[in-house]
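Colleague: One-letter residues, chain by chain:
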Amino acid sequence: MAYGRGAAAVRAIDDVTLDIARGEFVAVVGPSGCGKSSLMKLISGLHPPLGGRLTVEGKPVTGPLRSVGMAFQNSNLLPWRTALENVLLPLEIVEPYRREFSKDRFSGKARALLESVGLHGFADKHPWELSGGMQQRTSICRALIHEPEILLLDEPFGALDAFTREELWMALRDLQAARKVTVMLVTHDLREAVFLADTVYVMSSRPGRIVRRCEVKLPRPRDLEVTYTQAFQDVVHELRSLIRG
Amino acid sequence: MDRREFTIRVVSPLLFTIGLFVTWEVVCRTLNVPLTILPAPSDVFGALWQYRKPIWDNSFVTLWTTLAGFLIATLFGLALGIAVGWHRALYAGVYPVLIGFNSIPKVAVVPVLILWFGIGEIPAVITAFLISFFPIVVNVATGLATTEPELEDVLRALGASKLDIMRKVGIPRSLPYFFGSLKVAITLAFVGAVVSETVGANKGIGKLMLDAQAAFQVPIVFAGLLVLAVLGILLYAATAAIEARFTGWAFRGQANR
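Order-wise, the sequence lines are chains P and C. Mapping of the first sequence onto my numbering: position 217 corresponds to residue 217, and the numbering continues sequentially without gaps. Mapping of the second sequence onto my numbering: position 169 corresponds to residue 169, and the numbering continues sequentially without gaps.
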C-alpha cells in the first residue's frame, strides 16, 4: 500500500501477511508511522490497496466490509445523538438490520450492550456529558452492535489516562471473552498488547513489515495483576527490544 | 430563569430601548426640531395610533411577502447548498456565478421584475427571495464541507453509501450553520420586500412610507420605520427560537455562561 502518487508516493506497507484465526485476539505493535493504521484501513476496506492482494476470509476486499466493526483513537461519536442513538447507528446502515430498523426494536439490545461495559444510566446522555473513557466505551459498543465477526481497534485507548485505560482493558477483555469476536488491535502500548492479545505482531518502520510474530502464552482469564509478573514483563521486554526508534 | 438572568435578558434591553426613546424625545423638544425633519417619538406614536388601520393592512402585506420570499429562499437555499456541498465540481462551477449574482444590488433588479410581473406583491416576494437565499446556500455548503472526515469514516467503514453519509452525518452536522443563516436571511428578506415596495408596489409598508413622504407626512414615515424595526426583531426572534429548538447540541454549555 502506498500514499500519494508517482515519485512522491510513500510506501506505507510492504508485504504483510497476517494469519488470524476466528475468535483470536491479535495485536499489532510498532513504532510511530510504521503503517499500523494503514494496515487497519486496508483490512477494513476504507483504503483500496494499490498493489498486492488483500483477502479476508478468503474473499478479496474491494470495499468496506460489513462483517467488520471499527473503533478509532477518537471516539468519533456524533454529537447530536445520545449514546444510545450513537450505538444504534450501524443498525441504520448495515443489512439485514437496516431493512427492519426501528429505534424501539433495537434499543433494548443497545442498552444491554452499554450496560455490559458499565454504562448504566448513561444511554440517554449526549457525548459531551460523558467522560473520555465513557465515550470510548460507547464507541466500542457502536463497533459491536451489528455483531461483526471482526473488530478492528485503531489505538482505541491512546487518548485516555492510565487508569481509565486499564479499566477499558478489562471491559474489552470481558466483551471479547463473552462474544468470541475476532479482534485486531493496533496500538503502541506494549503492555496493552501483551495483556489483551493471544498473538502480537511487531512491525518495523516504513515501509512497514512484520518483523516478529509472538504468541502470548499467559493463561486466560488474565487479571490486571498479571501485568506485574515476571513472565509478563519478559514478553514486554522482548517486544520492546524489537522496536527501534 | 433566576433574577440575575431576568435582569440581563429582559430588564436591560427594555431599559435601553426606553432610554433611547426618552433621549430622542428630549433632543427634539429642547432643540425644537421641525416635525418635517425629525418628529419626536410622541408624534411618531401618535401617527402610529391615528393611522393604525392602513399601517396594519400594509404591514400585513409586507409580512406575508417577506415570509413567502423567505420560505422559497429556505427551500431553494437548502437544496442548492446540499447540491453544492455534495459535489466538488458543482461547487467549483456554481460558486463564482453565485457570488456574481449576489453582488448585483437587488434594487436594480426590481424594475425588471415589475416589467415581468407587473406592479403587485410578486416582485416583492421575488426580491425577498433573491436577496436572502445566498447566505443559506453558503452556510449549508460550508457546514457540509467542514464535516470531520473521521465522522464520515465511521459510516464508510460500515459500507454506507454517499447518500447515507449525507443523511446521517452531513446534514445533521450542517444544521447549526443552516439555522444560523436563517437569522441573517430573514432580516435580508425583510429588507428585500420593503426595497421592492419602495420602488414600485401598490401595497406594503414601503409603499405607505413612500406615499407619506410625498405628502410630507414625516411622522407616518417614522411610524413605518418603527413598525419595520419591530417586525424585524420579531422575525429574528422567531428564527432564533427555531434554531435553539433544533440545534441545542451545538450550543451546549452556553446557558450557564
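Hints are computed from structural coordinates only; laboratory data are not their basis. Hints may contain errors.
Reference excerpt, derived from the structure (chain C facing chain P, CB under 10 Å, subset only) [as the list claims (entries may be wrong)]: (1) G159; (2) K168; (3) V169; (4) L225; (5) A229.
Just so we're clear, the structure is a prediction, and the values are computed from it rather than from any experiment. Idealized CB from N, CA, C, for every residue including glycine.
Colleague: Is the interface hint satisfied for C:L225? The criterion is a beta-carbon contact with chain P at less than 10 Å.
Modeller: violated (40 Å)
Colleague: At a threshold of 10 Å, is the proposed contact between C:V169 and chain P supported by beta-carbon distances?
Modeller: holds (7 Å)
Colleague: Does C:K168 pass the interface check with chain P, least Cβ-Cβ distance below 10 Å?
Modeller: Constraint on C:K168 satisfied, holds at 7 Å.
Colleague: Using Cβ atoms only, decide whether C:A229 comes closer than 10 Å to chain P, and label the hint accordingly.
Modeller: Constraint on C:A229 not satisfied, violated at 35 Å.
Colleague: Restraint: C:G159 near chain P, CB-CB cut 10 Å. Satisfied or not?
Modeller: holds (4 Å)
When each numbered hint is compared with the structure, violations occur for hints 4 and 5.
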